[in-house]
Amino acid sequence: VIMMSLLQACFIGVPLLALVADQPAANFFVRTGILFVTCTSMLCLMFVPKMFYLKQWRENERKKKRNREERERKRKDAMAKAAEAGFRESTIRKTFGVQSVLGDGSHDGRAPTTSIRVSTEEAEAQCRRMSELGMGDAESSEYGGSFHNR
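Mapping of the sequence shown onto mature numbering (1 follows the signal peptide of the UniProt record, and there is no 0): residues -18 to -1, 1 to 132, in sequence order.
Check the hints yourself; a few may be wrong.
What the hints assert, rightly or not - Straight line, CA to CA, 30 Å or less: simulated DSSO-like cross-link-like pairs of lysine-lysine: (1) Lys46 / Lys32; (2) Lys58 / Lys47; (3) Lys46 / Lys58; (4) Lys56 / Lys32; (5) Lys63 / Lys47; (6) Lys37 / Lys47; (7) Lys37 / Lys56.
It is worth saying that the hints were derived from the structure and are not from the lab.
As the structure is a computational prediction, the values presented were derived from the model and not from experiment.
Using the sequences plus the hints, can you model the full thing?
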């Protein structure tokens, strides 16, 4: 487009200069028109690509900023969830003593998982009582452990 405008200025301007050589006002306007079109086309050749690049760069910066803000928001949400889960776990421990939340199952649709913490001595005593009463062997205790009398 720019090169065509230069060629057009030359193909139209040079014959027009020959036609208006004896009229000073017309000659002046034709010369200034040729110079204007030539200079404008050269400036467009240099600066139009820069303007397109600048526009694209601004759009990319906006996208990066949006992505950065979204990542920051997600990170803050995750930190808040983790803090809330930690608070819940510590509250459950303080309230019930032996029960703690291992996972809330929200990521895979399962129900919350809990575990009961029992000291080794308690488990061994439970196994002894069960074996004394003949309720089965100690291997299949309710805690799933294998505690033998030492």
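- Which earlier hints turn out false for this structure, listed by number in ascending order? 4
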